[in-house]
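Taken in sequence, the protein lines are chains A and B. Using the numbering used here, the first residue of the first sequence is number 302, and each one after it goes up by one. Using the numbering used here, the first residue of the second sequence is number 295, and each one after it goes up by one.
No lab work stands behind these hints: they were computed from the structure. Careful: at least some of the hints might be erroneous.
Stated by the list, open to error - Residues of chain B placed beyond 10 Å of chain A at every Cβ, according to the derived structure: (1) L321; (2) K431; (3) A465; (4) T469; (5) L649; (6) V684; (7) G757; (8) P796; (9) R877; (10) R879; (11) Y901; (12) P948; (13) E952.
To be verified - Pairs of lysine to aspartate or glutamate, EDC-like flavour, derived with a Cα cap of 16 Å: (14) A:K637 - A:D595; (15) A:K609 - A:E627; (16) A:K425 - A:E436; (17) A:K609 - A:E585; (18) A:K373 - B:E773; (19) A:K519 - B:D884; (20) B:K422 - B:D435; (21) A:K503 - B:D419; (22) A:K637 - A:D588; (23) B:K966 - A:D583; (24) B:K665 - A:D595; (25) A:K609 - A:D626; (26) A:K618 - A:E607; (27) B:K771 - A:D378; (28) A:K503 - A:D450; (29) B:K771 - A:E548; (30) A:K609 - A:D583; (31) A:K503 - A:E451; (32) A:K434 - A:D418; (33) A:K425 - A:D450.
This one's a predicted model, so the numbers in the text were calculated from it and none came from an experiment. By construction, the Cβ of each residue, glycine as well, lies at the ideal position given by its N, Cα and C atoms.
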Amino acid sequence: MRHFVVVGILIILVSVLLYIGLDAAELLPVAASAQATPIDWMWNIQVIAMCILFAIIAVPMFYSLVVFRRRKGETGDGMHFEGNTSLEIAWSSIPLVIVVVFAYLGAVNLSDTLRRDPSATIIKVTGIQWSWKFEYPADPETGVVVISDELHLPVGKQVLLRMTSSDVIHSFWVPEFRVKQDLVPGRFTELTITPTLEGNYKVSCAELCGTSHYFMVKPVVISSQEEFEVWLAEQLIIAIDLGKTPEGQGQLLVSQNGCAACHSINGAVGIGPTWFGLFGSDVELTDGSTVIADEAFITESIRNPEAKIVAGFETQKMVQYTFTDEEIAAIVAYIKTLK
Amino acid sequence: MNNNPLRKAFLFLVVAGAVGYGLGLGLDFLVAGNLNFSGSVASAFTLLFSFTAFFYGLYGYRGITRGLVWQVEGTLIGAFLITGIRAAMGATPIFGAFFFSEPAWVFGALSGVLSFIFGVGIMDDWIKWARGIDTPKYHEDEPGWEKYFSVSLDHKVIGIQYTVTALFLIAIGGTFALIFRTELAASQLQFLTTTFRLFNQTGPQLYNTLMSLHGILMIISILLGVSGIINYAVPFLVGAHDMAFPRMNAFAYWVAVPASVLMLMSLVLGGFDTGWTGYPPLSSRAPVGMQMFFLGVFTAGWSSILGALNVIATVLRMRAKGMTAMRLPIFVWAGIATSIIALTATQLIGLSFQLVMFQRLFGMGFFDATKGGNPVLFQHLFWFYSHPAVYVFVLPGLGIISELLPVFVRKPLFGYRWIAMSSLGIALVGFVVWAHHMFTSGMNEYLRVPFMYSTMLVAVPTGVKFFSWVATLWGGKIELPTPMLFVLGAIFIFLLGGITGPPNAMVAVDLHLHDTYWVVGHFHDTIFGGFVYPFFAAIYFWFPKATGRRMSELWGKVHFWLMTPSFLVLTFGMMFIGLRGMRRRIADYDVALGFDTTHLILTIAGYLIALSVLIFFINFFYSIKNGEKAEGNVWNSRSPEWLVPSPMHPHNYPVPFEVVGEPYDYGLPGSKYVEFAAVKGKKH
Numbered sequence: 302m303r304h305f306v307v308v309g310i311l312i313i314l315v316s317v318l319l320y321i322g323l324d325a326a327e328l329l330p331v332a333a334s335a336q337a338t339p340i341d342w343m344w345n346i347q348v349i350a351m352c353i354l355f356a357i358i359a360v361p362m363f364y365s366l367v368v369f370r371r372r373k374g375e376t377g378d379g380m381h382f383e384g385n386t387s388l389e390i391a392w393s394s395i396p397l398v399i400v401v402v403f404a405y406l407g408a409v410n411l412s413d414t415l416r417r418d419p420s421a422t423i424i425k426v427t428g429i430q431w432s433w434k435f436e437y438p439a440d441p442e443t444g445v446v447v448i449s450d451e452l453h454l455p456v457g458k459q460v461l462l463r464m465t466s467s468d469v470i471h472s473f474w475v476p477e478f479r480v481k482q483d484l485v486p487g488r489f490t491e492l493t494i495t496p497t498l499e500g501n502y503k504v505s506c507a508e509l510c511g512t513s514h515y516f517m518v519k520p521v522v523i524s525s526q527e528e529f530e531v532w533l534a535e536q537l538i539i540a541i542d543l544g545k546t547p548e549g550q551g552q553l554l555v556s557q558n559g560c561a562a563c564h565s566i567n568g569a570v571g572i573g574p575t576w577f578g579l580f581g582s583d584v585e586l587t588d589g590s591t592v593i594a595d596e597a598f599i600t601e602s603i604r605n606p607e608a609k610i611v612a613g614f615e616t617q618k619m620v621q622y623t624f625t626d627e628e629i630a631a632i633v634a635y636i637k638t639l640k
Numbered sequence: 295m296n297n298n299p300l301r302k303a304f305l306f307l308v309v310a311g312a313v314g315y316g317l318g319l320g321l322d323f324l325v326a327g328n329l330n331f332s333g334s335v336a337s338a339f340t341l342l343f344s345f346t347a348f349f350y351g352l353y354g355y356r357g358i359t360r361g362l363v364w365q366v367e368g369t370l371i372g373a374f375l376i377t378g379i380r381a382a383m384g385a386t387p388i389f390g391a392f393f394f395s396e397p398a399w400v401f402g403a404l405s406g407v408l409s410f411i412f413g414v415g416i417m418d419d420w421i422k423w424a425r426g427i428d429t430p431k432y433h434e435d436e437p438g439w440e441k442y443f444s445v446s447l448d449h450k451v452i453g454i455q456y457t458v459t460a461l462f463l464i465a466i467g468g469t470f471a472l473i474f475r476t477e478l479a480a481s482q483l484q485f486l487t488t489t490f491r492l493f494n495q496t497g498p499q500l501y502n503t504l505m506s507l508h509g510i511l512m513i514i515s516i517l518l519g520v521s522g523i524i525n526y527a528v529p530f531l532v533g534a535h536d537m538a539f540p541r542m543n544a545f546a547y548w549v550a551v552p553a554s555v556l557m558l559m560s561l562v563l564g565g566f567d568t569g570w571t572g573y574p575p576l577s578s579r580a581p582v583g584m585q586m587f588f589l590g591v592f593t594a595g596w597s598s599i600l601g602a603l604n605v606i607a608t609v610l611r612m613r614a615k616g617m618t619a620m621r622l623p624i625f626v627w628a629g630i631a632t633s634i635i636a637l638t639a640t641q642l643i644g645l646s647f648q649l650v651m652f653q654r655l656f657g658m659g660f661f662d663a664t665k666g667g668n669p670v671l672f673q674h675l676f677w678f679y680s681h682p683a684v685y686v687f688v689l690p691g692l693g694i695i696s697e698l699l700p701v702f703v704r705k706p707l708f709g710y711r712w713i714a715m716s717s718l719g720i721a722l723v724g725f726v727v728w729a730h731h732m733f734t735s736g737m738n739e740y741l742r743v744p745f746m747y748s749t750m751l752v753a754v755p756t757g758v759k760f761f762s763w764v765a766t767l768w769g770g771k772i773e774l775p776t777p778m779l780f781v782l783g784a785i786f787i788f789l790l791g792g793i794t795g796p797p798n799a800m801v802a803v804d805l806h807l808h809d810t811y812w813v814v815g816h817f818h819d820t821i822f823g824g825f826v827y828p829f830f831a832a833i834y835f836w837f838p839k840a841t842g843r844r845m846s847e848l849w850g851k852v853h854f855w856l857m858t859p860s861f862l863v864l865t866f867g868m869m870f871i872g873l874r875g876m877r878r879r880i881a882d883y884d885v886a887l888g889f890d891t892t893h894l895i896l897t898i899a900g901y902l903i904a905l906s907v908l909i910f911f912i913n914f915f916y917s918i919k920n921g922e923k924a925e926g927n928v929w930n931s932r933s934p935e936w937l938v939p940s941p942m943h944p945h946n947y948p949v950p951f952e953v954v955g956e957p958y959d960y961g962l963p964g965s966k967y968v969e970f971a972a973v974k975g976k977k978h
């Protein structure tokens with residue numbers, strides 16, 4: 302009996318101390334969305350459950366190892382008891398009840414994070430190997446759509462991310478928002494986010510998406526409504542300005558479609574060939590031949606990346622884009638300016 | 295083992311490797327027109343040639359050597375055949391980036407596997423039967439170490455073949471982990487950079503390949519380890535003289551060898567950057583290595599399915615007299631539960647991978663959205679096996695814990711029936727939880743809720759096991775030799791894996807945890823606690839049975855006390871950074887996250903684990919010949935195998951036994967589990 306009292310006290314002590322310790326360790330990053338609140342609440346309950354479960358098993362186990370260890374010179378076997386049916390029933394049925402309660406709480410918790418505001422702003426998100434493309438609602442006056450590889454959101458206003466992928470499966474994750482959602486090619490998935498804390502965060506891809514998966518990280522800026530509107534207006538002006546010339550349109554397309562993830566514009570070696578000084582230069586191909594990088598070559602390389610592969614880049618397949626002829630011409634015009 | 299064949303084997307390895315390298319380089323030059331010194335073709339030839347020559351030097355042209363030679367020949371013949379057909383049909387290009395085109399490699403690899411099976415000699419008896427020629431019921435094995443390198447029908451030999459192959463793959467998979475763990479020691483890419491080239495892969499590509507191969511090699515090694523312990527122990531635990539189908543048993547082992555070769559081939563043939571999960575569309579775009587991976591898993595799956603069938607048949611039909619269901623050794627219950635899963639679920643991973651193979655080879659659009667396919671469908675098919683698979687890994691491990699615990703506590707196993715039934719419970723519930731891997735996948739939002747319920751339900755039978763183990767420890771006279779240390783380590787680490795599981799089951803919380811290092815840490819806890827520690831415990835425990843010698847206690851304890859703290863640091867660290875935002879499967883991480891110090895500690899811990907396993911390996915191989923002699927009942931166990939001398943007779947018990955009592959009645963004076971028949975002289 303004395304053993305049971307000691308173990309009981311130790312279990313309580315260990316669970317409490319463990320919880321205090323884990324609570325002080327600040328296991329989760331700062332919460333920056335309304336969806337994080339129910340998730341963090343549930344996480345905290347899980348931590349409590351973990352501490353109790355750990356203590357219930359580990360304390361009697363280590364206690365036994367100390368108390369019921371064979372002493373030097375001791376012979377013979379341990380006590381002979383083969384089981385206890387009421388105990389077994391107790392420790393199967395009590396956990397069963399707890400499990401059902403927890404799962405019910407979990408379902409309620411899930412619906413809390415899915416709660417939607419019908420007036421939420423819709424932002425279209427596209428995952429590209431290895432970049433993000435965010436399309437903001439069209440400007441009502443000019444009809445111009447701001448497309449950026451940065452996600453800017455006003456604080457306190459729910460947004461609905463309508464997400465898809467142009468190539469493989471990606472996954473949208475901002476640790477401070479907690480929620481995560483895959484982007485699946487050929488269909489749209491949705492994620493509801495209500496930013497609650499101004500600051501600079503990062504969105505990264507959480508689903509392995511190929512060579513530069515680690516590199517698929519872009520900024521997320523949560524600011525006040527005013528700052529957000531200023532930013533959006535600036536982007537709109539830039540988009541309208543650049544849209545006036547072909548090379549400007551090319552520059553826009555390049556920044557919107559994540560081309561810079563592989564092709565540098567300053568001569569640095571990337572996953573793909575650099576575009577700096579590319580136009581008009583001699584390019585060596587994997588089969589040993591040389592071609593001049595003219596309009597025809599660059600157009601072909603965008604439309605059918607596997608047709609001619611530049612020497613040194615044979616290990617990596619380029620994404621197949623579906624640009625129109627005008628868009629490709631604009632991109633070529635932009636590449637021409639990179640000298 | 296005599297030193298000379300080993301020395302000769304290594305010499306052959308080096309020479310043949312050099313020849314293969316030269317040949318591969320030459321062939322590559324003929325087709326591609328340039329010398330690619332770190333390229334795939336040269337590496338593939340080096341691998342195949344050196345591997346084969348090693349066994350030739352060790353063992354001569356028979357058994358495994360003949361199998362490997364036939365595999366190389368079969369691969370080349372098959373690949374050239376397809377290349378010829380493609381050339382005749384006017385298909386272009388005739389050759390691909392990896393010398394052969396992809397269809398030629400796939401067909402070649404398939405024909406290589408079949409050639410291996412014929413070459414190694416496993417089909418010999420069946421072919422003779424088909425031609426009406428009789429074969430002896432038993433084959434005499436060669437004495438000494440040589441029997442392990444060719445087909446044997448003795449379940450104990452096959453068990454050891456499985457176990458040693460598993461250890462070999464653990465060593466390779468662990469080495470891969472050390473390589474990418476080193477890259478992760480600090481942020482930024484240090485040596486696996488974008489300008490780095492090996493096997494036609496850039497640094498980050500090679501990182502992804504190594505990470506993927508670490509996963510699948512460890513999984514296959516675990517499956518082989520599971521089969522190893524089950525094959526070795528189950529027949530003598532139930533009192534059978536062998537498995538129900540000895541030839542099929544040997545087939546199941548030998549088919550895993552060419553599968554392992556295919557896995558290693560995938561590394562040099564451009565690798566694959568999808569992780570072991572191989573999700574399309576990524577896996578439909580990866581290099582040829584992807585196909586080698588698919589074929590390798592497909593082939594290894596046969597091993598699992600046939601092995602499981604054999605275990606079930608053996609336990610159902612070949613038990614000793616008096617061995618009723620509730621007097622089976624508890625490990626046998628675990629073996630049955632795990633075999634039910636392996637027999638019925640493995641097909642799904644084979645199928646899902648085969649569909650992607652066909653998508654790549656024939657343009658079938660199963661998972662291609664542009665052709666009306668659905669990428670998420672793959673995930674359902676894949677996880678329908680791959681979640682139950684983790685129970686295939688851990689159920690035998692938990693069975694080993696339950697089997698060994700009473701021996702060292704000197705007390706009956708608490709709640710035998712409940713533990714036995716909980717294994718079946720876990721196995722059955724395990725079939726309906728698969729979608730908890732897909733909470734973020736884009737599956738129906740509210741369909742996630744039933745999977746949350748079913749997943750949480752697994753906690754109930756698992757809890758029964760934990761409570762029963764603790765109750766078994768209570769009031770015992772606990773001894774702590776090396777196997778018991780590993781059993782206790784297993785319980786503690788599996789507990790950590792267990793309690794970190796429920797948060798993943800809660801859908802909303804999992805949205806944060808999914809695809810982070812938290813999951814990596816949780817997973818490694820469950821597998822180390824559920825398989826790796828019990829596996830080591832089983833090896834330390836049954837080593838004297840297999841060899842008649844003991845492994846060193848001192849070095850066994852060093853192994854345990856070095857591995858356990860390092861491992862705890864490793865997984866705690868992983869979980870901690872995972873919660874703070876560290877994604878899985880990334881070659882590099884943002885320095886701003888502030889994880890550099892933690893990652894450095896994790897890398898050091900990883901190296902310490904490797905060191906402890908190295909100590910184990912030295913202890914293992916040294917003790918085979920030089921260990922302290924131990925031919926009797928080393929652990930003072932009640933189990934029948936310890937009542938006969940070690941190593942055991944080829945057909946286990948010269949005299950059959952009858953079960954007369956409960957298996958774990960330690961502490962009950964005068965009680966007996968088995969009684970050997972009084973009449974002698976009758977064989978089998």
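If you draw a straight line from the CA of K519 of chain A to the CA of D884 of chain B, is it 16 Å or shorter? Since the Cα atoms of K519 of chain A and D884 of chain B sit roughly 11 Å apart, the hinted pair holds (cutoff 16 Å).
Take the C-alpha atoms of K609 of chain A and E585 of chain A, compute the straight-line distance between them, and say whether it is at most 16 Å. Distance ~10 Å between K609 of chain A and E585 of chain A Cα, so the pair holds.
Please work out if K609 of chain A and D583 of chain A have their alpha carbons no farther apart than 16 Å. Given pair K609 of chain A, D583 of chain A holds - Cα atoms ~13 Å apart, limit 16 Å.
Holds or violated: is the Cβ of P948 of chain B farther than 10 Å from all Cβ atoms of chain A? holds (29 Å)
Would the hint linking K771 of chain B and E548 of chain A be met if the CA-CA limit is 16 Å? With a Cα-Cα distance of about 82 Å, the restraint between K771 of chain B and E548 of chain A is violated, given a limit of 16 Å.
Would you say L321 of chain B is clear of chain A, with no C-beta pair closer than or equal to 10 Å? holds (17 Å)
Between the alpha carbons of K503 of chain A and E451 of chain A, is the straight-line distance 16 Å or under? Holds: K503 of chain A and E451 of chain A sit about 9 Å apart, inside 16 Å.
Per the stated criterion, does the least C-beta distance between L649 of chain B and chain A lie above 10 Å, as a non-interface residue requires? holds (16 Å)
Minimum Cβ separation between E952 of chain B and chain A greater than 10 Å? The claim holds: E952 of chain B sits with its nearest Cβ about 21 Å from chain A, beyond 10 Å.
Was G757 of chain B rightly flagged as not at the interface, with every chain A Cβ beyond 10 Å? violated (5 Å)
Hey, does R879 of chain B actually stay past 10 Å from chain A on C-beta? It is violated; R879 of chain B is separated from chain A by about 5 Å at its closest Cβ, not greater than 10 Å.
Could you grab the alpha-carbon distance between K503 of chain A and D419 of chain B and see if it respects the 16 Å cut-off? Distance of about 63 Å is beyond 16 Å: violated.
Violated hints for the displayed structure, listed by number in ascending order: 7, 8, 9, 10, 15, 20, 21, 22, 23, 24, 25, 29 and 32.
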